[in-house]
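All chains, full assembly: derive it from the sequences and hints.
There are 2 protein chains.
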Amino acid sequence: MDVLVPFDARDPKTRLSPILDPSERRTFARAMLTDVLDVLRDAGHQPELLATAPISCPCPVSVDDRPLTTAVNAVLAERTEPLAIVMADLALLTTDAVERLCSPNADVVLAPGRGGGTNAMVVRHPDFRVDYHGVSFRDHCGQARACDATLSTVDSFRIAADIDEPADLVDLLVYGEGEAHEWLDEADFTVVERDGKPAARRHGENR
Amino acid sequence: MDVLVPFDARDPKTRLSPILDPSERRTFARAMLTDVLDVLRDAGHQPELLATAPISCPCPVSVDDRPLTTAVNAVLAERTEPLAIVMADLALLTTDAVERLCSPNADVVLAPGRGGGTNAMVVRHPDFRVDYHGVSFRDHCGQARACDATLSTVDSFRIAADIDEPADLVDLLVYGEGEAHEWLDEADFTVVERDGKPAARRHGENR
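First to last, the protein sequences are chains A and B. Note that my numbering numbers the first sequence so that position 125 is 207, with each residue one more than the last. Note that my numbering numbers the second sequence so that position 106 is 188, with each residue one more than the last.
Treat the hints with care, as some may be off.
For chains that are exact copies, the list does not tell them apart, and a pair is met inside one copy or across any two.
What the hints assert, rightly or not - When the alpha-carbon atoms are kept at most 25 Å apart in a straight line, the in silico DMTMM-like pairs for lysine to aspartate or glutamate are as follows:
#1 Lys279 <-> Glu163
#2 Lys279 <-> Asp246
#3 Lys279 <-> Asp147
#4 Lys95 <-> Glu163
#5 Lys95 <-> Asp230
#6 Lys279 <-> Asp213
#7 Lys279 <-> Glu247
#8 Lys95 <-> Glu247
#9 Lys95 <-> Glu160
#10 Lys95 <-> Asp270
#11 Lys95 <-> Glu259
#12 Lys279 <-> Asp230
#13 Lys279 <-> Asp146
#14 Lys279 <-> Asp93
#15 Lys279 <-> Glu259
#16 Lys279 <-> Asp90
#17 Lys279 <-> Asp84
#18 Lys279 <-> Asp221
#19 Lys279 <-> Asp178
#20 Lys95 <-> Asp213
#21 Lys279 <-> Asp209
#22 Lys95 <-> Asp209
#23 Lys95 <-> Glu261
#24 Lys279 <-> Asp124
#25 Lys279 <-> Glu181
#26 Lys95 <-> Glu130
Bear in mind the hints are in silico, worked out from the structure with no lab data behind them. Quick caveat: nothing in here was measured; it's all calculated off a predicted structure.
So, in structure tokens, the structure goes:
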């Protein structure tokens, strides 16, 4: 299946600013993207990047600097074939999770993200459009109903766990593998216990 | 299958203290427990409560006020039949997720929790013991290897998403149903956008 992977090529992962500088955020985001593209290909799919700026990448790239929702809907409006949309920061993604996403034979398949987002979906209905603002999972369910699309959901921690903010790094350190995990490791991040719960800490950082 | 559900009947959910008083935390924890027990029974299993203090409950209850790890291992030491262990704060649990947990025919089945924990497992090996301290998922994988047990993992957001701290309430408000969701609703919690991301807010609370 064709899989659209939106990617912020300019100033990615701003919520990681407290712990990574702009250059590190770009490198880290790029490592997560590489992992996601690798997993999609290993699962037998054809990823296509939808980037906010030109970027060199071993897969087809289209550039659209409009907001995420607008850019994705422009792609959907031109498609007749089924399309999956997978976020570029799903650093825990596995081929199993991708297979489970693509298995249900529904017009719309949604995979919830932590905090109410929609981290991955499959669209097989011509009228379905996305709206990534706010609690998008709820909106996407409503949107599927509104266009009379059959709806299925996929229960996957590895899809739900996007890497957005410092606390999310624990999951990548514990459960991840691949380039992003390796980058964190080389950047001296480890898991420590802080206030009775696991936290990601960078070597040399004050507790 | 028999399912052990450990439950803190004294001072549960202390990390929700910033937004719930002690009495509310007890009521809310009890609502989550009810939901978990209902789902386990609906999935065809036999839940047994392992509580830190006497509690009235429509299922068998044993009381052990020792730390979680010690109390669970005392149960495991006496068992010969397979046993699942499911945390009492999995307020998003569904029968599908329970079925996926119980399906793999491995000696040990682990379901990761957000932040490195082990939110649910199935134990079919006589030598396997738990250690819930810290990044328990990693330790449990090592423990399975150490006793030559076959190991399988289950990828479920609904198992991974335990409700521990205020930020977790968003997931329950968006994805939950059942008593805990209803209690939050009646306690006037809703999802709002705060600093560009969804957050749980109580009516009347200062932003």
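Q. Given a CA cutoff of 25 Å, do Lys95 and Asp209 count as a within-copy pair, a between-copy pair, both, or neither?
A. Neither. Shortest intra-copy (31 Å) and inter-copy (44 Å) distances fail the 25 Å Cα cut-off.
Q) Under a CA distance limit of 25 Å, which applies to Lys279 and Glu259: within one copy, between copies, both, or neither? A) within (22 Å within a copy, 27 Å between copies)
**Q.** Intra- versus inter-subunit Cα pairing at 25 Å for Lys95 with Glu163
**A.** Intra 31 Å, inter 48 Å, cutoff 25 Å: neither.
Q: Using 25 Å as the alpha carbon limit, work out where Lys279 and Asp147 are close: within a copy, between copies, both or neither.
A: Between copies only: 21 Å across chains, 39 Å inside a chain, cut-off 25 Å.
Q: First find the shortest C-alpha distance between Lys279 and Asp178 inside one copy, then the shortest across copies, and answer within, between, both or neither for a cut-off of 25 Å.
A: neither (29 Å within a copy, 29 Å between copies)
Q: Using 25 Å as the alpha carbon limit, work out where Lys95 and Asp270 are close: within a copy, between copies, both or neither.
A: within (19 Å within a copy, 32 Å between copies)
Q) For Lys95 vs Asp230, is the C-alpha pair at or below 25 Å within one copy, between two copies, both, or neither? A) neither (35 Å within a copy, 41 Å between copies)
Q. Is the C-alpha distance from Lys279 to Asp146 at most 25 Å within one copy, between copies, in both cases, or in neither?
A. between (41 Å within a copy, 23 Å between copies)
**Q.** Lys279 and Glu163: within-copy, between-copy, both or neither at 25 Å Cα
**A.** neither (45 Å within a copy, 32 Å between copies)
(Q) When Cα atoms must be at most 25 Å apart, do Lys279 and Asp213 count as within-copy, between-copy, both, or neither? (A) between (34 Å within a copy, 14 Å between copies)
Q: At 25 Å max between alpha carbons, let me know whether Lys95 reaches Glu261 within a copy, between copies, both or neither.
A: Answer is within: at 16 Å inside a copy they meet the 25 Å cutoff, but 36 Å across does not.
Q: Evaluate Lys95 and Glu247 at a C-alpha cut-off of 25 Å and name the case that applies: within, between, both or neither.
A: both (8 Å within a copy, 23 Å between copies)
Checked against the numbered hints given earlier, the structure breaks hints 1, 4, 5, 9, 12, 17, 19, 21, 22, 24, 25 and satisfies all the rest.
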